[in-house]
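Colleague: Those protein sequences? They're chains A and B, same order as listed.
Under this note's numbering, the first residue of the first sequence carries the number 1, and numbering increases by one thereafter.
Under this note's numbering, the first residue of the second sequence carries the number 1001, and numbering increases by one thereafter.
Where hints are given, some of them may not hold.
[Said to hold, decoys possible] Derived, one-sided and incomplete: chain A residues facing chain B with beta-carbon distance under 8 angstroms:
no. : residue
1   : M29
2   : F49
3   : A54
4   : H59
5   : L399
6   : A471
7   : P698
8   : N699
9   : G720
10  : G724
These are computed hints drawn from the structure, not numbers from a lab.
Everything numeric in this text was worked out from a predicted model, so none of it was measured.
Ideal Cβ placement from N, Cα and C applies to all residues, glycine included.
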Amino acid sequence: MTNHWIDIKNTNCALIMGSNCAEHHPVSMKWVLRAKDNGAKLIHVDPKFSRTSARCDLHVPIRSGSDIAFLGGMINYILENKLYQTEYVKNYTNASVVVGADYSFNDGVFSGLDPQTRTYDKKTWAYSKKKDGTLVLDPEWKNPRCVINLLKKHYSRYTLKNVCDVTGVPEETILQVYNDFCATGRPDKAGTIMYALGWTQHTNGVQIIRTSAIIQLLLGNIGVAGGGINALRGEPNVQGSTDHAILYDTLPGYLPMLRAQWQTLDEYLKGCTPQKQLPNSVNWKSNNPKYMVSLLKGWFGENATKENDFGYSWLPKLEPRGNASYYSSIDRAYQGKMRGGFVFGVNPCQSFPNTHKVRACLDKLDWMVCGEVHNSETTDNWHRPGVDPKTVKTEVFLLPSAHRIEKEGTISNSGRWLQWFDKAVEPAGDARDFGHMLVPLMNKIRDLYATEKGVLPEPILNLNWPKDFVAEEWTKRINGQFWSDVTVGDKTYHKGQQVPKFMNLAADGSTSSLNWLYCGSYTEEEGNKSKKRDKSQTPAQAKIGIFPNWSWCWPVNRRVLYNRASVDANGKPWNPNLPVVEWDGTKWKEGMDVLDGGGAPVGNGEKGRLPFIMCADGLGHLFGPGREDGPFPEHYEPVETPLKSHPFSKQLSSPVYLTYHSDLDKLAEPGDPRYPIVLTTYSMTEHWCGGGETRNTPNLLEAEPQLYVEMSHELAEIKGIKNGDGVIVESIRGKVEAIAMVTVRIRPFTIMGKTVHLIGMPFAFGWLTPKCGDSTNRLTTGVYDPNTTIQEDKACMVDIYKADKLTEIA
Amino acid sequence: MPKAFLVDTTRCTACRGCQMACKDWHNLPAIETKQTGTHQNPPDLNPCNLKLVRFHEHKTKDNKVVWNFFPDQCRHCVNPICKDVADMAVPGAIIKDSQTGAVLCTEKCKELTADDVKAIITACPYNIPRYDEATKMLTKCDMCFDRVSNGLIPMCVKSCPTGTMVFGERAEILAEAKRRLEALKKTFPKAYLCDPKDVNVIFLLGEEKEHYYEYASFM
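Could you build all of it, start to finish, from the sequences and the hints given here?
Modeller: What follows is the structure, encoded as structure tokens:
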């Protein structure tokens, strides 16, 4: 989240899209309904009418996979009707920046595409630069190649008719949403966007979120109370684990992954430290060397020295375009290129798309180690229905894992708050938490390397590794420590003491930090701030619901990111009733939120600082040249689609989505008459993700016992299906049994003049729980977003028919 | 002064936290259920489910979908008819606590005949009590009498994330109910309070009871 949960109450309009927050983040509704009490409009754009829709002013059914068309239409509407917040857009976004001559966009394809490798050469999207390396600006917006004019041209195709044809939303409803949300373009109004996996799980998921960023920048909704782009993160510490680089393409604190083109630390730092592009830009990433060296120091401690590049050379490097995601690992196992591995905190044989392939892949492993609270469809894959266990060679080591109430530590919530939790009870039986599995395991490996040597022992033996696991010791290490005496202000810190703030991290080996974002969370002065539970606040903080003494929030306890965009060029809040920060003419006022970046408001000449400090240009990116699939979001159909063409371009699906090419990676052709129905998949309140935990909670299984498929009365009539009937849902990859839930909450769409039906299924039910059904993901497609390798679980093509008999459900 | 609940269904998201919390607090075992084409499960109140969220969906004349949620439970009537009927057979089988207003089934329920039980169940205008064959007891919500008599709020109210349910002194709850009803009139012109004079669990509905549940309201 740019903002935080409580802040939702400050909004004038909540656009909930790609999220079913009432069902998946039930407590969010406390704040959403407070906004409604204060007069806010609540809009839910979603294929299905859900428990969220039930509480909103307006539910807008949309065909799954057409979000960019819907939002692109809003961009066009804002620009055509000049509904943007002009001063904000001119001062704080890259609207005036002139784009280089190599950039072009033709019929759905951006410049720089290599169709062979399905990749773009992003260099063709670069800004135009002056001789000194700074950017060419056109504040008058006359140059046809300045961003705002390119934006206008790009989205001019997103007419109401085109949007209506592709999304299935009637024009008058589209206009109603655009009008309601764009009313927050007034400086003293704010609109929030709440999203979750309904946006990310598409082959263009990142670009959907980019579209929302463009809208929020145009309307001046970033940095303000009640605004922002708010990703609703999951219960299993999704925010914290992402911050700590659970994904393969980043290091902790979102530092870039080590890649083969950067063989030395110097090369890495050069490659990952951007140059300032405008004089008033803060360019925070110029600090990357301090954070990277402190990370290496955290990993290797005393063994990391300036002379050995702080151990940089000991670390493996990924190929320049190498992909080490879950799915490439699964594919490598299928090709016999991976013999074993650890599966922790995930149930691939249930939750991953195209599950038949995943299950077959794991059969090829020699060994597998799982840490689980309960047996799962993955731990027990070798005796799944239809498989003779004797034919599966995999040796499975199942480590009983502590439940989260059986361990202590921190969880970072969606609003980036770091909150400590205590252990409530001891783990049952032999169960351990991950720390008590991994620390001794690594020590055993270190012993083996020490006695038996081995290839490349340095990264193992030189680790700064403890003898035993103590959770809070890692909280300290994550914050970071001094490795020599350092004086900060009038205080001298000694070796082993906590670094007070990330401004004090250094690139010379005098500091360590396992994640610079969390530096400041555990200090000498205040101890472990994740344990703070103090509700005190100033009147200004009370006004917007900030509790600075309740837990701690990254970065530097700033509760609203980009908050210096909440004021005008002179530092006056756009909304005087809900100020986040404020400049009194000479300094920033005390007792408000922690200011983003230093310096004065941008109207103060040389002292002024631009608000988007993480961008080298200091500006909010309407034109975003950093993504893999284009600087402007563009509508592409899901890879499986009912359409053979769409009105935006000749390019049907993304030219750069990722996929694999085994015999089990089957995809239906666009418009395949055998699979005419759109399937979308989701979770529900009562079960969590793949259901591995909640299916073992009897009261939850009582409330939602079996796999269902939600479908319209219209489709049910065509198919001769009655409510409660057993049905088969079939895609080109497999069949799944379910119970029909015939409902007014799903309705047919009119797409390009034809009726398109959509059905929806949860993915929480698996064969290991008797009689409840088996993985819905046996239907879904193994195709992925090129930026994140997130799967397109939200849209694929199927057929549905009444079952003669059921074997998976009883 | 008796206690009362307000259940403002216009804030309910059917998260079923109350349904789960009730089972947990009362240590009631899960029962085997099936998917029958609705999210409402178990299908009805039963000795293991004293609180149940009922789901009802319909389309309005102008083609809008409405999905109503009704977290059903004993209303702890001001003058409980179940108690009157039970007293005719076994005095003290059902009692009303004077402090809290909680209507409670006692061990004496075991002395009721099958006909008595049937008469009590039929008499309830809200279709609440259920008979447990195994324990020979009448079962229903007990207002978390153990919690409330120790100064705590009922578990369902404690678990509610949206403020759908509030609990307190009857006079305060009645005032809050009227305040909310007034505020809702703009967005829910048909909103009304279910039998506020007669019950201590006052439901606020957004429209007619047939769009929630036939026993939602007596009047």
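Colleague: Are any of the numbered hints broken by this structure? If so, which, sorted upward?
Modeller: 5, 6, 9
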